[in-house]
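Visitor: Residue-level listing of the chains:
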Amino acid sequence: MKPSPITDEQAWQLFELLEGNLPKTAAAELHQAMQGDANLKAHYEALAQTYLQPTTTLYPDAPSLKKKTSNRTVLFYASMSVAASLVILWFFKASIATQNIAPIQSQIAKTSPSVDVTTPSNTESAPPKPSLNRQGTKQNVATLVDRTQQKQTWETTSTVTENPNKQDIHPLIAATEPIRKVRNINDSVNTRKPSPNNSAIVVAQNDRPSPSIAQQKTRKELLKSFYLDARRMVENGHLPHVKVKTVNNDADWMPEFQVGLTLENNVILTSFNP
Amino acid sequence: MTVSDYNKCVDLHSNAVFRFALKQLRNPDDAKEIVQITFEKLWMKRNTVNIDTAKSYLFTTAYHSMVDIWRAQKPTEDIHNLAPAKHPTTEASAYTGLMESLEKALSQISQIQRTVILLRDYEGYSYAEIGEITGLNEAQVKVNIFRGRQALKDIIGNPNNLI
Chain A
4 MKPSPITDEQ
14 AWQLFELLEG
24 NLPKTAAAEL
34 HQAMQGDANL
44 KAHYEALAQT
54 YLQPTTTLYP
64 DAPSLKKKTS
74 NRTVLFYASM
84 SVAASLVILW
94 FFKASIATQN
104 IAPIQSQIAK
114 TSPSVDVTTP
124 SNTESAPPKP
134 SLNRQGTKQN
144 VATLVDRTQQ
154 KQTWETTSTV
164 TENPNKQDIH
174 PLIAATEPIR
184 KVRNINDSVN
194 TRKPSPNNSA
204 IVVAQNDRPS
214 PSIAQQKTRK
224 ELLKSFYLDA
234 RRMVENGHLP
244 HVKVKTVNND
254 ADWMPEFQVG
264 LTLENNVILT
274 SFNP
Chain V
601 MTVSDYNKCV
611 DLHSNAVFRF
621 ALKQLRNPDD
631 AKEIVQITFE
641 KLWMKRNTVN
651 IDTAKSYLFT
661 TAYHSMVDIW
671 RAQKPTEDIH
681 NLAPAKHPTT
691 EASAYTGLME
701 SLEKALSQIS
711 QIQRTVILLR
721 DYEGYSYAEI
731 GEITGLNEAQ
741 VKVNIFRGRQ
751 ALKDIIGNPN
761 NLI
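As given, the protein sequences belong to chains A and V, one line each in that order. Note that my numbering has the first sequence beginning at 4, numbered continuously upward. Note that my numbering has the second sequence beginning at 601, numbered continuously upward.
In isolation and in its complexed conformation, chain A is listed as follows (with noise of 0.2 Å):
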């Protein structure tokens, strides 16, 4: 049997009523009234059953929607390193050959000290540098000869802990002002002087840099020692450091990125941004 129509008051105060819009007082009202009223309680049955119940629809392609967050942020990371390492080995590498001084460096950087010291020199009328006279002490002279014996490399900061002028200067410019006094590759190897006694120590000598500062540096000029500490460096047997890293994380596979270089007295030779 169909129920009587009602009036639309009466069927929005039923639609309130399930939507839970009516306040406690006025929903226990309107439900005492379907208590007498069959047919306003019929209407509110029947509008009742209009609400849908939840069903369960699964979407069958869901897994081709999801992205892939697989090794490839790594993967690019490792690749750019590599690449970029390999770029400006290159670009030192063909700034040596340039200057065709290959065979000497290679010299320098792989052999020993006794060997390098048996290296014929062009200029034994020149004359050997002061250093070792200044350094004076053998304790100084001892520790050189472990330095150079375990390995051919530059210790820049104790020189600069003994330079008087270091706190009145950049720690960049300090950390690489020695390595920055030997102008050329040739002119380290022509002041070398096969020592009768111990040639390590001469070869130590030899690379030790003055301890004086440079007084002032324009920017083109510091820029340019800086390539040059970098070219010695390099020639020397010090591989740089790549540092890749984000500038943006926003989870992107292929974010925008920096490279840096960065050699083994932690000098930043050079950043950017491809």
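Keep in mind that the hints were calculated from the coordinates and are not lab data. Glycine residues also receive a C-beta, built at the ideal position from the N, C-alpha and C atoms. There could be a bad hint or two in this list.
Here are the computed lysine to any residue pairs in the SDA-like style, where the Cα-Cα straight-line distance is at most 20 Å [as the list claims (entries may be wrong)]: (1) Lys645(V) <-> His664(V); (2) Lys70(A) <-> Asn647(V); (3) Lys608(V) <-> Ala65(A); (4) Lys655(V) <-> Gln673(V); (5) Lys623(V) <-> Lys655(V); (6) Lys608(V) <-> Asp668(V); (7) Lys632(V) <-> Asp64(A); (8) Lys44(A) <-> Asn647(V).
Derived coverage of chain V by chain A (criterion: at least 3 residues anywhere in the stretch with Cβ under 8 Å from a Cβ of chain A; other residues may be distant) [as the list claims (entries may be wrong)]: (9) 607-615; (10) 712-724.
Chain V: place on chain A using the hints.
Guide: Chain V only, in chain A's frame:
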């Protein structure tokens, strides 16, 4: 929104968006296309949409995509005043269950009424949230829900309407 957040959104909301589109369009292929379009837009907007507002964005985008389809089908009619769709039916005996009757009745009310009722019943959205998705104000949402339910009640109460 990170990639993992996006994938989490796929897990959480893809079924709901698909159900929403399927109930509206009644065509699985069209519904799948709507879901793909919707999530593709979410991926493109992942830098501006966060995971908390992703669900609302997905349903809004899905609704607008469906509106585009409806407009393409009936370009001269106002989408909010479309006449209830009249689908051919088989026999009345096929709709013995209440759920089936309701499903059938749902296809006969207007699209905006169906949309607001689906969002209200299936997703539990408030009037304001439904208004954000459909572009209506709260009063319009409420009125459309009321009219839609009255229409459903009339259709269900009269079996001849289901034939």
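Visitor: Could you run down the list of hints and mark each one as holding or not?
Guide: Hint by hint, here is what the structure shows:
1. Lys645(V) <-> His664(V): Given that 20 Å is the threshold and the Cα spacing comes to 16 Å, the pair holds.
2. Lys70(A) <-> Asn647(V): holds, 15 Å
3. Lys608(V) <-> Ala65(A): Holds, at roughly 11 Å.
4. Lys655(V) <-> Gln673(V): This hinted pair is violated, its Cα atoms lying about 27 Å apart.
5. Lys623(V) <-> Lys655(V): Holds, at about 18 Å.
6. Lys608(V) <-> Asp668(V): violated, 27 Å
7. Lys632(V) <-> Asp64(A): holds, 8 Å
8. Lys44(A) <-> Asn647(V): Violated - the C-alpha atoms of Asn647(V) and Lys44(A) are around 52 Å apart, more than 20 Å.
9. 607-615: Answer holds; 5 residues pass the 8 Å Cβ test.
10. 712-724: holds (count 4)
Checked against the numbered hints above, the structure breaks hints 4, 6, 8 and satisfies the rest.
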